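Novice: Protein chains in written order, with my numbering: chain A, 17 to 320; chain B, 900 to 1189.
Derived by calculation from the structure, the hints in this document are not laboratory data. Keep in mind that this is a model prediction, so the values were computed, not measured. For glycine and all other residues, C-beta sits at the position ideal for the given N, C-alpha and C. Mixed in with the good hints, there may be bad ones.
Here are the simulated distance ranges between beta carbons [as the list claims (entries may be wrong)]: (1) A/PRO56 - B/ALA1028: 42 to 48 Å; (2) A/PHE131 - B/VAL1081: 22 to 28 Å; (3) B/LEU1039 - A/SER151: 44 to 50 Å; (4) B/PHE901 - A/ARG133: 21 to 27 Å; (5) A/VAL35 - B/LEU1039: 52 to 58 Å; (6) A/PHE131 - B/GLN1157: 32 to 38 Å; (7) A/VAL226 - B/ARG1155: 29 to 35 Å; (8) A/LYS137 - B/PHE901: 28 to 34 Å.
Below are the SDA-like pairs computed for lysine to any residue, each with C-alpha atoms no more than 20 Å apart in a straight line [claimed, not checked]: (9) A/LYS126 - B/VAL1008; (10) A/LYS148 - B/ARG909; (11) A/LYS148 - B/SER1014; (12) B/LYS1002 - A/MET110; (13) A/LYS155 - B/ARG1159; (14) A/LYS34 - B/ARG1159; (15) B/LYS1002 - A/LYS126; (16) A/LYS144 - B/ARG1162; (17) B/LYS1002 - A/TYR118; (18) B/LYS905 - A/ASN109; (19) B/LYS905 - A/GLU103; (20) B/LYS1002 - A/LYS34; (21) A/LYS126 - B/ARG1159; (22) B/LYS905 - A/LEU150; (23) B/LYS905 - A/TYR118; (24) A/LYS144 - A/PHE131; (25) B/LYS1002 - A/GLN105; (26) A/LYS34 - B/ARG1162; (27) A/LYS155 - B/SER1014; (28) B/LYS1002 - A/ALA146; (29) A/LYS34 - B/SER1014; (30) A/LYS126 - B/PRO1012; (31) B/LYS1002 - A/ILE147; (32) B/LYS905 - A/PHE131; (33) B/LYS905 - A/LYS34; (34) A/LYS126 - B/ALA902; (35) B/LYS905 - A/GLY179; (36) B/LYS905 - A/SER111; (37) B/LYS1002 - A/GLY153; (38) A/LYS148 - B/ARG910; (39) A/LYS148 - B/GLY958; (40) B/LYS1002 - A/ARG247.
The lines below spell out each chain.
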Amino acid sequence: MSEKIALMTQGLTKSYGKVRALRGVDLEVRRGEIFGYLGPNGAGKTTTIRCLLDLIRPDGGAVRVLGIDPQAEPVEVHAHTGYLPGELQLDPNMSVEGALRYFISLRGNKVDWGFVRQLTKRFDLPLKPAIKNLSHGNKQKVGIVQALMHRPQLLLLDEPTLGLDPLMQHEVYRLLKEARADGATVFFSSHIMSEVEIVAERVAIIREGVIVEVAETASLINRALHRARIRFKQPVDIGPLSNVPGVVVLSQDDSTSVLLQVEGEMDDLIKAVAAFPVSDFETERSSLEEIFLAYYEAGDKEAS
Amino acid sequence: MFAEFKHTLRRMRGQMIGWGIGLTLYGVLMVSLYDSIVGIEGFQELIASYPPELMAFFGDADFLAITTPKGYVGLYYFNYMTVIIGIFAVAACASLLVGDEEKGILDLVMAHPVSRTALFWGRLLGYVAATVVILLVGYLSWFIPSGSSGLDLSWIELLKPFLPLFAELLLFGTLALLLSIVLPSGRIAGMISGGLLIANYLLIGLSNLNESLKSFIEFTPLQYYQGGDAITELNWGWLAGLLAVSAAFALLAWWRFQRRDIRVGGEGGWRLPSLPFRCRAATGVSRHSV
Chain A
17 MSEKIALMTQ
27 GLTKSYGKVR
37 ALRGVDLEVR
47 RGEIFGYLGP
57 NGAGKTTTIR
67 CLLDLIRPDG
77 GAVRVLGIDP
87 QAEPVEVHAH
97 TGYLPGELQL
107 DPNMSVEGAL
117 RYFISLRGNK
127 VDWGFVRQLT
137 KRFDLPLKPA
147 IKNLSHGNKQ
157 KVGIVQALMH
167 RPQLLLLDEP
177 TLGLDPLMQH
187 EVYRLLKEAR
197 ADGATVFFSS
207 HIMSEVEIVA
217 ERVAIIREGV
227 IVEVAETASL
237 INRALHRARI
247 RFKQPVDIGP
257 LSNVPGVVVL
267 SQDDSTSVLL
277 QVEGEMDDLI
287 KAVAAFPVSD
297 FETERSSLEE
307 IFLAYYEAGD
317 KEAS
Chain B
900 MFAEFKHTLR
910 RMRGQMIGWG
920 IGLTLYGVLM
930 VSLYDSIVGI
940 EGFQELIASY
950 PPELMAFFGD
960 ADFLAITTPK
970 GYVGLYYFNY
980 MTVIIGIFAV
990 AACASLLVGD
1000 EEKGILDLVM
1010 AHPVSRTALF
1020 WGRLLGYVAA
1030 TVVILLVGYL
1040 SWFIPSGSSG
1050 LDLSWIELLK
1060 PFLPLFAELL
1070 LFGTLALLLS
1080 IVLPSGRIAG
1090 MISGGLLIAN
1100 YLLIGLSNLN
1110 ESLKSFIEFT
1120 PLQYYQGGDA
1130 ITELNWGWLA
1140 GLLAVSAAFA
1150 LLAWWRFQRR
1160 DIRVGGEGGW
1170 RLPSLPFRCR
1180 AATGVSRHSV
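Chain B on its own, in the form it takes in the complex (with noise of 0.2 Å):
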């Protein structure tokens, strides 16, 4: 298993490095804008000003708090650090294992003394182990230079937002990769997940100006996400609760990878049925002839 985290680790190293670097980019930009923006005379004012639609859709406390270090950190961060970060873990995830198959590759990696048990997990952990990095420069990247700025937040304040941040990433990766092994391809699972965390992250926005959504969102992940409110009131049942949903995810396909042929040729692949117009095409049978 050790040889697979390894490996999947030092295959995700380009994408640790570039997500890396562009969060650092920004968190360091954003915590030497912090003071500017809230030094801006009338800048409440100004906020205050937005149509209440869109406060309402990015959430109303966050955009009258923004002068506060906790309202900042969570408008321009964790607001929505899930979907842009969720794609890094929806692509990383959906292609874990079914990349490596489409391609043909695994095919001979699982000739070798292997088990299913220690690819599959062992890919997933260097899936986390690379979540976590680039979270943690993310981190860093507002903790470090927050020591020269106003932004007055403690370390530990700091992190705790990262934490359901991390829970939904680890949701939205387990569910691509439960849909990959599921699905005929690595690419729909990819665009159903990633299509899955837009729609649910539009949803809780949406259901902020429609009240009859709110009893639809309680069923949604995005909804236990706590965003930058972790900063002072951090919900550990809801933690817990997306991470069990996550470990469940995880268990399902690794039972189903378990069972699973493992294709080469993309063989179980799913057929949609021919059109009609198309078969007229291609026996050469024009709709004027019929």
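Chain A on its own, in the form it takes in the complex (with noise of 0.2 Å):
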């Protein structure tokens, strides 16, 4: 496996008796990168990460993590990682400070505590409270916190930003873009599409077990479907823009307004705008909610 990739999976299946989770799911994720797997509850997101971890052992396929097969060197792997679970539960009864000792304990108290503080100053965790007396929200930050504290290669995050507020999540994101910066691997799940497309420069999607798609974030979403409505100052015949390829006329109100959808780049349409008398251009691209949303509308469809 090259250097430069963090993750790979080749032809992963697992399944939970009859529930096929895990179809064969065909991964690369380069160093250094930020990467958003999107699926819906149940596509088989948590399967995945759990297999990169061994916590789960997958039926099928093989997985190497940061150059390491986790299945024969877990501790290795988990050494270099930072994990986030998806349904996070610590022990209530610790305290929060109590609960991160614990953890550095497993890491053989090889971290700094004064790093640990900075993260916790950054979230506004209190140590002292209980875990059991905290909120969901603060549980979450205790569970990121945890994640981070080591500075690992490779950060494996399920769901991060769940029951976090908007200030918080913001934060995240930004120690998200900083361990990137600092050279690690960010591997995170989400259906909040709009996390995604803050973060992510990659995305895979994943549907009923099978990634359906893997891109580039910007390019997914440029690749996709734009609409473009164009005000013209005088009446035009719009037979040569309804011509261009990829364009179709969604609607036109008289002859000075038309709305169009275009597919792929917008270039070729620009040209062609470009004969006529323009008062108005404006487009809108769709977001990566409705291309995610097209992928599940196309594979029920399919599916029926």
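Build the complex from these two chains, which are given one at a time in their own frames, with help from the hints.
Specialist: Put into structure tokens, the structure is as follows:
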């Protein structure tokens, strides 16, 4: 495996009884990138992450994490990885500090407590309260701090901003970008499209245990459908516009206004529009959410 | 492994304190009552007049020797401490690993650089250490006050019966641990292990009343528990046998834990098949309309 690859799965399969959670997942995540793993609940995101950490054993396929086989050397993988589970549970009777010190002891006490204090201050997380007295959001902060505190080479985060308020969500995004800047690879699952769009450089979309798309976030959005509303200074014949490849006329109010759907690059359309007396040109790109839903709707149609 | 050992001991400190206080109070009380009880005029005759079935159930020898230090300690302590402290052993071990798994805590713990082997043995050794502490408190609660009473037993004589008691606690504890890893829930493992412990205890008593049970109880662990008899003649072979079976249970549990998925959402649980009348109720079809 190339040294540039942080994570690799090939033909990963995993079933729980009759339920096939993963049906041959192929993934490659490059070192130093922030990679979003998109899918609705039950698509196989958590199962993939737990296979990467050898918490569960796949039925088939190959996995490499930082060039290491997690089934052969799980401790080595865990030493360089920070993990945040999707449904974080902590010992309710421990204090925040007790829980963090326990996780530090599991890491051989090789964690800088000063850095842990920096992280807790950034999250405004008190150390003294018992875990059982914390809100869901504060528990999530404990999970994020323990995942980051040893400055891991790889972060595996399952729904990292679950239960956090918008301010704290942005703090998490900042921390992920800082970790990436320090050379770490971030692999995070989410079903919140907006956060993937903000943070991730590349995304994979998983649907019913199969990867249906892997692409750079920007290219995925650009490649998708755009809408363009054009207003003209005077009535025009829009025939030449509808002949532009990839352009479909959605509606035409009168001869001075038209709503178009554009697939792919806008270059040809802009060149064609240049021949018209344009008063306003407004474009609206598809959000990642629309793209994501498009994959799912397409899949549902196939299934039916 | 040391981190998990320390963590387990820390989590069991409440149980150690609770059991320690209970056993201390009981031990001190029984030692202080010894002189009064054996000094009761006609006490031996009173005991001898008990129903023979009752005496047989608890062991004739202990009953008839109740006025001796060995018989007294055997009957009032070691006779049933396997069951009493056994409840702690079974409950603690059934949730030693699976308790955290069922709460979803183990998932994150095991994502740290600690091997499954270190986690398993660290926790099991933590349980063993907690059991030793509880038994040590029990031992001291008899030994320290015995100097000021007529309970004339040397420190080594009093120590000997604690060894098979420890071995039995280890055996039923490791059985509960093994079952918790094999069965779908820690609660079921605890119930089965605890049920086996109590059933075995009752069978031993009943076998004194019914000879036909003697051949069966040869295959049960409590048959090799020596109780108060160990004060005078500790059978080291039996003790080693109990420890060997405990080690076998522990090794099997460790082997299974190595190869097992860590569950977070009840995967791998067993489902009981739906009963026919439940199906009818669910579909809204009554017996009368069929």
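Novice: State for each hint whether it applies.
Specialist: Now for the hints, and whether the structure bears them out:
1. For the pair A/PRO56 and B/ALA1028, the beta carbons lie near 47 Å from each other, so the given range of 42 to 48 Å is met.
2. For the hinted restraint 22 to 28 Å between A/PHE131 and B/VAL1081, the CB-CB distance of approximately 42 Å leaves it violated.
3. Checking the proposed 44 to 50 Å range against B/LEU1039 and A/SER151 shows it holds: the Cβ atoms sit about 45 Å from each other.
4. For B/PHE901 and A/ARG133, the Cβ-Cβ distance of about 25 Å falls inside the hinted range of 21 to 27 Å, so the restraint holds.
5. As the Cβ distance of A/VAL35 to B/LEU1039 is approximately 55 Å, the hint placing it in 52 to 58 Å holds.
6. About 34 Å separates the C-beta atoms of A/PHE131 and B/GLN1157, a value consistent with the hinted range of 32 to 38 Å.
7. The given range of 29 to 35 Å is respected by A/VAL226 and B/ARG1155, whose C-beta atoms sit roughly 32 Å from each other.
8. For the pair A/LYS137 and B/PHE901, the supplied restraint of 28 to 34 Å holds, since their beta-carbon distance comes to about 30 Å.
9. Under the criterion of a C-alpha separation no larger than 20 Å, the hint pairing A/LYS126 with B/VAL1008 is consistent with the structure, at around 16 Å.
10. Distance check on the hinted pair: A/LYS148 and B/ARG909 sit about 18 Å apart at the alpha-carbon level, within 20 Å; holds.
11. The straight-line distance between the Cα atoms of A/LYS148 and B/SER1014 is roughly 28 Å, outside the 20 Å bound, and the hint therefore fails.
12. For a cut-off of 20 Å, the pair hint linking B/LYS1002 to A/MET110 stands: about 14 Å separates their Cα positions.
13. Proposed proximity of A/LYS155 and B/ARG1159 is contradicted: the alpha carbons are some 28 Å apart, above 20 Å.
14. Taking the CA atoms of A/LYS34 and B/ARG1159, the gap is near 18 Å; set against the 20 Å cutoff, the hint holds.
15. Between B/LYS1002 and A/LYS126, the direct Cα distance comes to roughly 27 Å. Violation of the 20 Å bound is thereby established for this hinted pair.
16. A distance of roughly 30 Å separates the Cα atoms of A/LYS144 and B/ARG1162; the hinted pair therefore is violated under the 20 Å criterion.
17. About 17 Å separates the Cα atoms of B/LYS1002 and A/TYR118, which keeps this hinted pair within 20 Å; it holds.
18. The suggested pairing of B/LYS905 with A/ASN109 holds, with an alpha-carbon distance near 16 Å, which does not exceed 20 Å.
19. Taking the CA atoms of B/LYS905 and A/GLU103, the gap is about 26 Å. The hint is violated against a cut of 20 Å.
20. Distance hint between B/LYS1002 and A/LYS34 is unfulfilled; the C-alpha atoms sit about 24 Å from each other, more than 20 Å.
21. The hinted pair formed by A/LYS126 and B/ARG1159 fails the criterion: a straight-line CA distance of about 29 Å is larger than 20 Å.
22. With a CA separation close to 25 Å, the supplied pair B/LYS905 and A/LEU150 exceeds the 20 Å bound.
23. Pair hint B/LYS905 plus A/TYR118 holds up; C-alpha atoms about 10 Å apart against a cutoff of 20 Å.
24. Between the alpha carbons of A/LYS144 and A/PHE131 the distance comes to roughly 17 Å, so the proposed pair stays at or under 20 Å and holds.
25. At roughly 7 Å between alpha-carbon atoms, B/LYS1002 and A/GLN105 fall within 20 Å of each other, so this suggested pair holds.
26. Simply put, A/LYS34 and B/ARG1162 have alpha-carbon atoms about 16 Å apart, close enough for the 20 Å limit, and the pair holds.
27. Between A/LYS155 and B/SER1014 the CA atoms are separated by roughly 25 Å; this puts the pair beyond 20 Å, and the hint is violated.
28. With a C-alpha separation of about 17 Å, the suggested pair B/LYS1002 and A/ALA146 falls inside the 20 Å cut-off, and the hint holds.
29. For the given pair, A/LYS34 sits about 30 Å from B/SER1014 by alpha-carbon distance, which is inconsistent with the 20 Å threshold.
30. With a CA separation close to 11 Å, the supplied pair A/LYS126 and B/PRO1012 stays within the 20 Å bound.
31. For the hint linking B/LYS1002 to A/ILE147, the alpha-carbon distance of about 14 Å falls within 20 Å, and the restraint holds.
32. Between B/LYS905 and A/PHE131 the CA atoms are separated by roughly 24 Å; this puts the pair beyond 20 Å, and the hint is violated.
33. For a cut-off of 20 Å, the pair hint linking B/LYS905 to A/LYS34 is broken: about 40 Å separates their Cα positions.
34. With a C-alpha separation of about 13 Å, the suggested pair A/LYS126 and B/ALA902 falls inside the 20 Å cut-off, and the hint holds.
35. Under the criterion of a C-alpha separation no larger than 20 Å, the hint pairing B/LYS905 with A/GLY179 is inconsistent with the structure, at around 32 Å.
36. A threshold of 20 Å between alpha carbons decides the hint, and for B/LYS905 with A/SER111 the separation of about 16 Å falls inside it, so the pair holds.
37. For the suggested pair B/LYS1002 and A/GLY153, the alpha carbons sit about 19 Å apart, so the restraint of at most 20 Å is met.
38. This hinted pair checks out: A/LYS148 and B/ARG910 have alpha carbons roughly 15 Å apart, not beyond 20 Å.
39. Taken as a hint, the A/LYS148 and B/GLY958 pair is broken in the structure, with Cα atoms around 49 Å apart against an allowance of 20 Å.
40. Straight-line distance between C-alpha atoms of B/LYS1002 and A/ARG247 comes to about 60 Å, which puts the hinted pair past the 20 Å bound.
When held up to the earlier numbered hints, the structure conflicts with 2, 11, 13, 15, 16, 19, 20, 21, 22, 27, 29, 32, 33, 35, 39 and 40 and fits the remainder.
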